[in-house]
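**Q** All chains, full assembly: derive it from the sequences and hints.
These protein sequence lines map, in sequence, to chains A and B.
Using the numbering used here, you'd call the opening residue of the first sequence number 86 and step up by one each time.
Using the numbering used here, you'd call the opening residue of the second sequence number 70 and step up by one each time.
Wrong hints could be hidden among the right ones.
What the hints assert, rightly or not - Pairwise CB distance ranges, derived in the manner of DEER restraints: (1) A:Val313 <-> B:Gly200: 47 to 53 Å; (2) B:Gly252 <-> A:Ser328: 29 to 35 Å; (3) A:Arg320 <-> B:Ser101: 30 to 36 Å; (4) A:Leu105 <-> B:Asp291: 54 to 60 Å; (5) A:Ala316 <-> B:Glu161: 32 to 38 Å; (6) B:Gly141 <-> A:Arg320: 24 to 30 Å; (7) A:Ser328 <-> B:Glu142: 20 to 26 Å; (8) B:Arg302 <-> A:Thr92: 52 to 58 Å.
Said to hold, decoys possible - A short, non-exhaustive set of chain A residues, derived as facing chain B with CB atoms under 10 Å: (9) Val90; (10) Gln97; (11) Asp167; (12) Arg324.
Derived from the structure by calculation, the hints contain no laboratory data.
Built from N, CA and C at the ideal position, the CB exists for glycine as well.
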Amino acid sequence: MTWLVLTLTLRQLLGQKRTLFLAAVGLLPVLAAIIFRAAGDGDESAAEFAAQVVLNALVINILLPLTALVLATASLGSEIEDGTIVYLLSKPAERWRIVAGKLLAAWGATAVLVLASALVSGVVALAGEGESRLLIGFLVAIGVGSLAYSSVFVLLSLVTSRALFVGLAYAFIWEAVITNFAPGVQRFSIREFTASIAEAVGDTNPWVFDADLGTTYSIILLAVVTAVGAALAVRRLSRFELSEAP
Amino acid sequence: MSTAEGTAPQAAVEVVDVSRWYGNVVAVNGISFALEPGVTGLLGPNGAGKTTLLNMIAGFLKPSVGDVQVLGESSFGNPDIYRRVALVPEREAVYDFQTGHQFVLMSARMHGLPDAGDAALRALHMVEMVGDADRATGGYSKGMKQRIKIAAALVHDPEVLLLDEPFNGMDPRQRLQMMELLGRMADQGRTILFSSHILEEVERLGENVLVVVAGRLAASGDFRAIRKLMTDRPHTITIRSSDNRGLARTLMAEESVFGVELTDGKIVVRTNELGAFTSAAPRAAQEVGASLFEVRPEDESLESVFDYLVTR
Numbered sequence: 086m087t088w089l090v091l092t093l094t095l096r097q098l099l100g101q102k103r104t105l106f107l108a109a110v111g112l113l114p115v116l117a118a119i120i121f122r123a124a125g126d127g128d129e130s131a132a133e134f135a136a137q138v139v140l141n142a143l144v145i146n147i148l149l150p151l152t153a154l155v156l157a158t159a160s161l162g163s164e165i166e167d168g169t170i171v172y173l174l175s176k177p178a179e180r181w182r183i184v185a186g187k188l189l190a191a192w193g194a195t196a197v198l199v200l201a202s203a204l205v206s207g208v209v210a211l212a213g214e215g216e217s218r219l220l221i222g223f224l225v226a227i228g229v230g231s232l233a234y235s236s237v238f239v240l241l242s243l244v245t246s247r248a249l250f251v252g253l254a255y256a257f258i259w260e261a262v263i264t265n266f267a268p269g270v271q272r273f274s275i276r277e278f279t280a281s282i283a284e285a286v287g288d289t290n291p292w293v294f295d296a297d298l299g300t301t302y303s304i305i306l307l308a309v310v311t312a313v314g315a316a317l318a319v320r321r322l323s324r325f326e327l328s329e330a331p
Numbered sequence: 070m071s072t073a074e075g076t077a078p079q080a081a082v083e084v085v086d087v088s089r090w091y092g093n094v095v096a097v098n099g100i101s102f103a104l105e106p107g108v109t110g111l112l113g114p115n116g117a118g119k120t121t122l123l124n125m126i127a128g129f130l131k132p133s134v135g136d137v138q139v140l141g142e143s144s145f146g147n148p149d150i151y152r153r154v155a156l157v158p159e160r161e162a163v164y165d166f167q168t169g170h171q172f173v174l175m176s177a178r179m180h181g182l183p184d185a186g187d188a189a190l191r192a193l194h195m196v197e198m199v200g201d202a203d204r205a206t207g208g209y210s211k212g213m214k215q216r217i218k219i220a221a222a223l224v225h226d227p228e229v230l231l232l233d234e235p236f237n238g239m240d241p242r243q244r245l246q247m248m249e250l251l252g253r254m255a256d257q258g259r260t261i262l263f264s265s266h267i268l269e270e271v272e273r274l275g276e277n278v279l280v281v282v283a284g285r286l287a288a289s290g291d292f293r294a295i296r297k298l299m300t301d302r303p304h305t306i307t308i309r310s311s312d313n314r315g316l317a318r319t320l321m322a323e324e325s326v327f328g329v330e331l332t333d334g335k336i337v338v339r340t341n342e343l344g345a346f347t348s349a350a351p352r353a354a355q356e357v358g359a360s361l362f363e364v365r366p367e368d369e370s371l372e373s374v375f376d377y378l379v380t381r
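**A** See the structure below:
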């Protein structure tokens with residue numbers, strides 16, 4: 086069942102306009118890297134620019150949550166909206182298998198899109214600088230962070246029909262704005278967890294890239310967020326009611 | 070308790086005092102019935118609660134109060150019942166990018182059938198969709214979508230089949246074929262419940278009928294008995310003629326008439342027996358030498374028929 090749901094969902098995502106839109110957004114970091122290279126020597130080093138602007142500010146802060154949100158809601162939320170979810174629910178399969186298929190598809194599609202963007206823009210920005218360790222750190226972080234985001238957003242699309250709206254508010258108001266004003270709040274932000282993985286795996290110099298949270302804490306929180314999100318999604322789907330307000 | 074297993078008579082579907090509300094809107098209100106193998110029609114106007122009822126039986130809605138048992142098990146939160154139960158939803162959407170064959174085959178595989186390919190082909194044959202099975206469902210007509218949805222629901226040979234407005238969008242020939250198919254499946258001992266807001270569809274197919282109006286079970290039982298109830302209800306008929314007063318006087322003497330009102334330019338007649346009245350009216354007109362310009366039954370909409378059944 087999981088495999089069937091996974092392949093069905095990937096096929097659903099592939100044929101959608103929003104996936105094309107995300108691919109276009111994914112070109113922005115690449116564009117930024119190209120402009121940086123073309124502009125020649127500035128005050129910043131290539132490593133600083135790649136880490137802080139391209140990979141952190143553009144990829145992790147914008148592209149990653151946006152892609153995860155749009156694909157997670159497209160993979161489950163749109164089935165609920167269209168009513169096709171009934172074709173999955175009317176099967177004698179444990180509900181975790183359905184959630185697993187949906188989550189793996191959303192995660193896989195998100196990771197492929199965001200990793201491709203990070204890899205290309207990173208290589209362009211860092212060309213000839215010998216900073217491959219830094220890039221690997223970000224790629225690993227994106228792989229892990231996208232799973233946590235997907236898990237949360239798949240759950241969200243089961244809880245509310247306005248998952249896209251709520252998810253945007255979470256990613257771009259809570260994580261992007263409020264964490265800046267109230268530093269304690271950073272401890273509850275998937276983007277900060279992701280950044281700290283990038284720092285740890287990339288073994289970056291503090292002046293090149295410095296995350297705010299501890300590595301162990303971030304790893305634990307990412308695991309907890311992913312597991313709790315998935316578990317709640319399974320629970321929610323097991324008690325799922327076809328909405329059909331009279 | 071020494072009852073041997075299997076000897077106790079067990080209804081395939083048992084609905085006991087079931088209500089369901091959304092917020093403060095009551096969609097289904099204290100409905101009870103039991104279904105045996107055979108075809109049963111669930112008749113009622115749009116918004117009567119038919120879909121809510123079917124979704125509760127199929128395990129996709131939890132009753133607010135009451136109990137639903139399907140094949141002896143509670144259906145909500147119990148995916149195992151889908152080995153023996155199937156629902157064909159009213160909503161049209163299928164996966165547009167799949168061909169009909171892919172859609173039905175996926176259903177067979179999701180059921181974990183050992184011979185999914187054969188099961189899919191068999192189901193496609195049943196609904197006569199083999200010829201169009203390799204086209205994308207996105208290009209299907211409404212009737213074709215209905216049939217492919219039914220095929221997907223039939224792959225695992227369910228004992229209980231629930232269909233929500235299955236004849237929507239079908240042309241008369243397809244309707245007839247589908248009715249024959251459902252009839253055959255019922256003859257094999259299956260329990261089939263289908264909903265419809267069209268009297269004639271139910272008449273053709275359902276020996277047993279449940280009439281639901283405004284969330285309540287208004288009538289249930291043999292279709293002919295219910296049909297008679299519907300025809301024998303009071304009817305109001307408007308008549309215009311060349312001599313309204315004379316005609317009204319004569320009509321008043323008719324056995325089938327229990328009320329006559331003479332208002333501006335027309336007669337409003339109330340009758341209990343429509344059949345008797347329709348032969349009495351021309352006779353009365355002839356008697357008084359009046360020409361009939363218009364004889365028009367008022368309010369013959371299905372909704373008013375249903376309303377009558379409820380308030381009766």
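**Q** For each hint, tell me whether it holds in the structure or not.
**A** Verification of the hints:
1. Distance hint for Val313 of chain A and Gly200 of chain B: a CB-CB separation of about 50 Å, consistent with the stated range 47 to 53 Å.
2. Hint check: Gly252 of chain B to Ser328 of chain A, Cβ distance near 33 Å, so the stated range 29 to 35 Å holds.
3. Look at Arg320 of chain A against Ser101 of chain B: about 31 Å separates their beta carbons, and that is inside 30 to 36 Å.
4. For the pair Leu105 of chain A and Asp291 of chain B, the beta carbons lie near 58 Å from each other, so the given range of 54 to 60 Å is met.
5. Against the hinted window of 32 to 38 Å, the Cβ-Cβ separation of Ala316 of chain A and Glu161 of chain B comes to about 34 Å, which satisfies the hint.
6. Our hint of 24 to 30 Å for Gly141 of chain B and Arg320 of chain A holds, since their Cβ atoms are close to 26 Å apart.
7. Checking the proposed 20 to 26 Å range against Ser328 of chain A and Glu142 of chain B shows it holds: the Cβ atoms sit about 24 Å from each other.
8. Range check, Arg302 of chain B to Thr92 of chain A: Cβ separation about 56 Å, and the 52 to 58 Å hint holds.
9. Of the supplied interface hints, the one on Val90 of chain A holds, with its beta-carbon coming within about 8 Å of a beta-carbon of chain B, less than 10 Å.
10. Below 10 Å, beta-carbon pairs count as interface contacts, and Gln97 of chain A has one with chain B at about 7 Å; its hint therefore holds.
11. Checking Asp167 of chain A against chain B by beta carbon gives a least distance of about 4 Å; that is within 10 Å, so the hint holds.
12. A cut of 10 Å between beta carbons decides the hint on Arg324 of chain A: the least distance to chain B is about 6 Å, and the hint holds.
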